[in-house]
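**Student:** Chains as they are written, first to last, in the UniProt record's numbering: chain A, 1 to 326; chain B, 1 to 326.
Since the hints were made in silico from the structure, they are not lab data.
Heads up, a few of these hints could be off.
What follows is a set of in silico ranges between Cβ atoms, one per label pair, in the way DEER data are often shown [unchecked claim]: (1) Val282(B) with Glu41(A): 49 to 59 Å; (2) Glu261(A) with Glu66(B): 37 to 47 Å; (3) Val83(B) with Leu255(A): 44 to 54 Å.
The following residues of chain A were derived to be distant from chain B, with all beta-carbon distances above 10 Å [stated by the list, open to error]: (4) Ile40; (5) Pro43; (6) Arg235; (7) Leu322.
In this text the structure is predicted, and so the values were computed from the model without any measurement.
Glycine is no exception: its CB is placed at the ideal position from the N, C-alpha and C atoms.
Chain by chain, the residues:
There are 2 protein chains.
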Amino acid sequence: MHVMVIGAAGMIGRKLVERLAAAEGALGYEVSRLTLVDVIEPPIPAPIAGKSATLAIDLSSEGSAERLVSSRPDVIFHLAAIVSGEAEADFDKGYRVNLDGTRALFDAIRQGQRQRYFPRLIFASSIAVFGQPFPEKIGDEFFTTPLTSYGTQKAICELLLADYTRRGFFDGIGIRLPTICIRPGAPNKAASGFFSNILREPLVGKEAVLPVEENVRHWFASPRSAVGFFVHAARMDTAVIGPRRNLTMPGLSALVGEEIEALGRVAGPKAVSLIRREPDPVIRAIVAGWPTNFDARRARKLGFTAETNFDEIIRIHIEDELGGRI
Amino acid sequence: MHVMVIGAAGMIGRKLVERLAAAEGALGYEVSRLTLVDVIEPPIPAPIAGKSATLAIDLSSEGSAERLVSSRPDVIFHLAAIVSGEAEADFDKGYRVNLDGTRALFDAIRQGQRQRYFPRLIFASSIAVFGQPFPEKIGDEFFTTPLTSYGTQKAICELLLADYTRRGFFDGIGIRLPTICIRPGAPNKAASGFFSNILREPLVGKEAVLPVEENVRHWFASPRSAVGFFVHAARMDTAVIGPRRNLTMPGLSALVGEEIEALGRVAGPKAVSLIRREPDPVIRAIVAGWPTNFDARRARKLGFTAETNFDEIIRIHIEDELGGRI
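Just chain A, same shape as in the assembly (with noise of 0.2 Å):
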């Protein structure tokens, strides 16, 4: 099987390659080619480095998705994106590169049925399809009223990958993520960015600013459950899904607050001192605008899982992230 994963130098992409290359039947099949895809070339991990190709190409520029698309991939993880601030800012790129460009990835796919070709296409979507006001969990016949660009383009996407699965285009899964928690790496200025560094900086000894309050709550899962979601997806029996393909994935509810005694339990008081408390009412306001909870009971039933307390997400960070240990 030919895999190719678009957006392949990003956080999830990163770690859905190595979880294939780590594991050869990850997917529940021999992948026997890799073609890793992004803007900028996408690293190879060494295990597979024999099989695996990459190319660094902006998938809404002319020609692009057909010229992905002619080396036809089984199975097509679809994770590029231009994220939300970025989407708010800019408009005309938002809209080219989240709509246009997907668009034009599942029209080359289109395309390229005349030669029996039928694809499983797996589509990172996201939380930011829902507009506040919410209902106290956000069930799974809840409406599409994006209050962001991006949600906006992410909705719309998901609504083209129903229809070319319907006409028989393509397989396609829309996934749509939970905050990703612990996200690696160094502090980025995101609105969402706190949820994360106030636990890895204080896990590595640094202090973290908490802009919000302790009773804020949001919906979390950690960047191994983002890849499971993605990999479960790739392996699943689709027929049981039926037309409405796009899935809100299983996450956990959780209070800052929550996410703070977890990091006490783990690492210590010594961690937990280290969180600085800055209120930030721009931060407090766009938190305020998300969703909090969601019952995500199709996803579970299909088989998705992902973690039910902080404490596990913190551990999975320590595991994944730092060896192990602290």
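Following the hints, put chain B in place on chain A, whose structure we already have.
**Tutor:** This is chain B only, laid out in the frame that chain A set:
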């Protein structure tokens, strides 16, 4: 105020233009200029001939949207679309006209913005944005999982309309129309045609075919109500709508049997006897996938109204199409 109707040669478009022609202050302000647009030359009602212009143009062809917007209409009614059956039969044409044409219009308005341009835009959407299975009554927060390409295209345009409105590019409202009944004109081959045929034809002494059972339920509004939705959307204070700009219109949920009973009350048993039962499993299967009932609370609260029984729907047809008598 300069008012533009795109899709002015269609059934609702023509009736909307007639309403604007008949009632000077229908929109609550003086219409100083009326531009009627369609792929074929739309008719101009006599009373407004002096201030009206027509344009035979395909919105989806290169440069058309810019040309329309360059005249800077203050209010734009966008009703132009490829119908459901054709959008399903011709994938490319449906997406080109229903999605790309609408997006081109939205983008032309956005570009026009540079000279402080902020029109109101009323978009004709459809209950085809919903796909089964449904709850008994579809509420205002039910998700859009269309099962046709037409419904997908409408749902995508709804998302664009909300985002462009949120961004301040125009003042948009999406109007999800019920099935229009009684459709005037000759019986057509649309799968939904019989809902109108079994009333319209017997009212003028002609036979009509009923291809489904009397216990089939569906969601209706008269052509007069449909025009009323558009007029109200053009007049209303949009500040009270908030960011959820797409509204399921009110309508009447009724059984085919209730249609027939109303026909008997209004036109007598002789009219009823002109309905010929010819069960058609293909049509029955298509109709079984359609929504049957909505709780259109938001739209009602915002002042949109529709009929509450089929006697009323039939009387409106007699008044508007048959000169008031049968």
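**Student:** Hints first: check each against the structure and report whether it holds.
**Tutor:** Going through the hints against the structure:
1. Judged by the Cβ atoms, the range 49 to 59 Å given for valine 282(B) and glutamate 41(A) holds: they are separated by roughly 54 Å.
2. The hint said 37 to 47 Å for the Cβ distance between glutamate 261(A) and glutamate 66(B), and at roughly 58 Å that hint is violated.
3. Between valine 83(B) and leucine 255(A) the C-beta distance comes to about 51 Å, which sits within the given range of 44 to 54 Å.
4. Residue-level check passed: isoleucine 40(A) sits 29 Å from the nearest beta carbon of chain B, beyond 10 Å.
5. Every Cβ of chain B is farther than 10 Å from the Cβ of proline 43(A); the closest lies at roughly 35 Å, confirming the non-interface assignment.
6. Every Cβ of chain B is farther than 10 Å from the Cβ of arginine 235(A); the closest lies at roughly 24 Å, confirming the non-interface assignment.
7. Distance check on leucine 322(A): its Cβ is at least 40 Å (rounded) from any Cβ of chain B, clearing the 10 Å threshold; non-interface status holds.
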